[in-house]
Amino acid sequence: MLKVVIGNVPSLTGEVEKRVIRVGDGSIIKLFDRTPVPRKETDVVCPHFLELKWANGCPFSCAWCYLQGTFRFLERGKKPFIKDWRKIELHLMALFQHNSRKELLNAGELSDSLIGEDQNPPASVRLARMFQEQDCYKLLLVTKSDRVDNLLKIEPENVIVSFSINAFPVAERWEKGAPHPLRRLDAARRLQEHGYPVRVRIDPMVPVEEWKGHYGELVGEIFRRFEPERITLGSLRGLSTTIRHARDTSWVEYLDERSNWGLKPRFGVRLEMYRFIIDLLEEMGFKDYGLCKETVGMWRGLELDYRKIRCNCLLY
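Reminder that position 104 of the sequence shown reads as 104 in the UniProt record's numbering, one-by-one numbering, no gaps.
Hint data in this document are derived by calculation from the structure and do not stem from the laboratory. There could be a bad hint or two in this list.
What the hints assert, rightly or not - Here are the simulated DSSO-like cross-link-like pairs (lysine-lysine), alpha carbons at most 27 angstroms apart as the crow flies:
#: 1; residue 1: Lys-287; residue 2: Lys-308
#: 2; residue 1: Lys-79; residue 2: Lys-176
#: 3; residue 1: Lys-293; residue 2: Lys-79
#: 4; residue 1: Lys-138; residue 2: Lys-287
#: 5; residue 1: Lys-212; residue 2: Lys-30
#: 6; residue 1: Lys-308; residue 2: Lys-102
#: 7; residue 1: Lys-18; residue 2: Lys-30
#: 8; residue 1: Lys-287; residue 2: Lys-212
#: 9; residue 1: Lys-176; residue 2: Lys-83
#: 10; residue 1: Lys-18; residue 2: Lys-138
#: 11; residue 1: Lys-293; residue 2: Lys-18
#: 12; residue 1: Lys-3; residue 2: Lys-87
#: 13; residue 1: Lys-153; residue 2: Lys-83
#: 14; residue 1: Lys-79; residue 2: Lys-30
#: 15; residue 1: Lys-102; residue 2: Lys-30
#: 16; residue 1: Lys-83; residue 2: Lys-30
#: 17; residue 1: Lys-308; residue 2: Lys-293
#: 18; residue 1: Lys-79; residue 2: Lys-3
#: 19; residue 1: Lys-79; residue 2: Lys-102
#: 20; residue 1: Lys-138; residue 2: Lys-308
#: 21; residue 1: Lys-83; residue 2: Lys-138
To be verified - Restraint-style ranges between C-beta atoms, simulated for each label pair:
#: 22; residue 1: Asp-118; residue 2: Leu-315; range: 27 to 35 angstroms
#: 23; residue 1: Ser-61; residue 2: Asp-25; range: 25 to 33 angstroms
#: 24; residue 1: Glu-283; residue 2: Gln-134; range: 36 to 44 angstroms
No residue lacks a Cβ here, since even glycine has one placed at the ideal position from N, Cα and C.
Between the sequences and the hints, there should be enough to build the whole structure, so can you do that?
Here is the structure:
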């Protein structure tokens, strides 16, 4: 049996917790810990979570995709690639038998989670069924796809689906190949009606001309269709490797400020965008929102406590 490595991990609250660090060699299941506990105003807040690295790559061509830099040394680049299913199952079974604290495994950090829908059985179904035999861990599927028919054929047990959405002109200009945001929202609504917990990421928000109208329209379209379990907001960010290897760098003009997770738009611009969206959400009585990879200074500017973060990659 593979070894499940446990370690002491500092949390955002200052406590030290015993967490799963990796299963086996960490090639399939590993704790995302590349964002240290923040110390400075410009440090980003990102709680550590378990990655399920079952696949690499994405079929879409989003201009700012960090996978362009992550997989720059691979001959196939960011072309979708699914790892050995026997290995994936072996690592998951080892984790399930360890049965520690309840956690969410993010299957969309290094790939779109719906890249294998043409397989037999479909990759999403195959992954979901592995999680049905236990009740300690849940699977997080993160996607820009609208190919949800396969997920609608199975029971929504221990699976959360999260859709990355953007304002319409932003998606049309920079999220090449991805379905229109309304198609993604319709797919999300169908999954929720089937019984899946569905989350939404409005990320990365870009301060294009008339952005208030565009993002206000997006929020309206979301709630006309369904109410997400959680909404995570994120602003445009560019790691140096992403910028160097991006084919389309027209989005870089919006980046002005440094953080320990790359460049971002100016603080005041981001603050205004977040405040605008949060005010809309709170006007509708929606409280379950958080920020993705945002700085300590931004959390404080919004008068939010980052130690109580509720974001996309957390179970609760």
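Q: Take the C-alpha atoms of Lys-18 and Lys-30, compute the straight-line distance between them, and say whether it is at most 27 angstroms.
A: The given pair, whose Cα atoms are some 14 angstroms apart, holds under the 27 angstroms limit.
Q: Take the C-alpha atoms of Lys-287 and Lys-212, compute the straight-line distance between them, and say whether it is at most 27 angstroms.
A: At roughly 20 angstroms apart (the allowed maximum being 27 angstroms), Lys-212 and Lys-287 satisfy the hint.
Q) Between Lys-293 and Lys-18, does the CA-CA distance stay at or below 27 angstroms? A) 23 angstroms, holds
Q | Proposed proximity, Lys-287 with Lys-138 (alpha carbon, max 27 angstroms) | A | Holds: Lys-138 and Lys-287 sit about 23 angstroms apart, inside 27 angstroms.
Q) Range hint 36 to 44 angstroms: satisfied by the CB atoms of Glu-283 and Gln-134? A) 40 angstroms, holds
**Q.** Restraint status (C-alpha distance of Lys-153 to Lys-83 at most 27 angstroms)
**A.** Measuring from Cα to Cα gives roughly 24 angstroms; hence the hint holds.
Q: For the pair supplied as a hint, Lys-308 and Lys-293, confirm whether the alpha-carbon distance does not exceed 27 angstroms.
A: Given pair Lys-308, Lys-293 holds - Cα atoms ~14 angstroms apart, limit 27 angstroms.
(Q) I want to verify a distance hint. Is the separation of the beta carbons of Ser-61 and Asp-25 within 25 to 33 angstroms? (A) 31 angstroms, holds
Q) Does Lys-102 lie within 27 angstroms of Lys-79 when you go C-alpha to C-alpha? A) 32 angstroms, violated
Q: Indicate whether the distance between the beta carbons of Asp-118 and Leu-315 respects the range 27 to 35 angstroms.
A: 30 angstroms, holds
Q: Measure nothing beyond the straight line between the CA atoms of Lys-3 and Lys-87; if it is 27 angstroms or shorter, mark the hint as holding.
A: 14 angstroms, holds
Q | Pairwise hint evaluation, Lys-30 against Lys-83, where the allowed Cα distance is 27 angstroms at most | A | Measuring from Cα to Cα gives roughly 15 angstroms; hence the hint holds.
Hints 5, 18, 19 from the list above are not met by this structure, while the remaining hints are.
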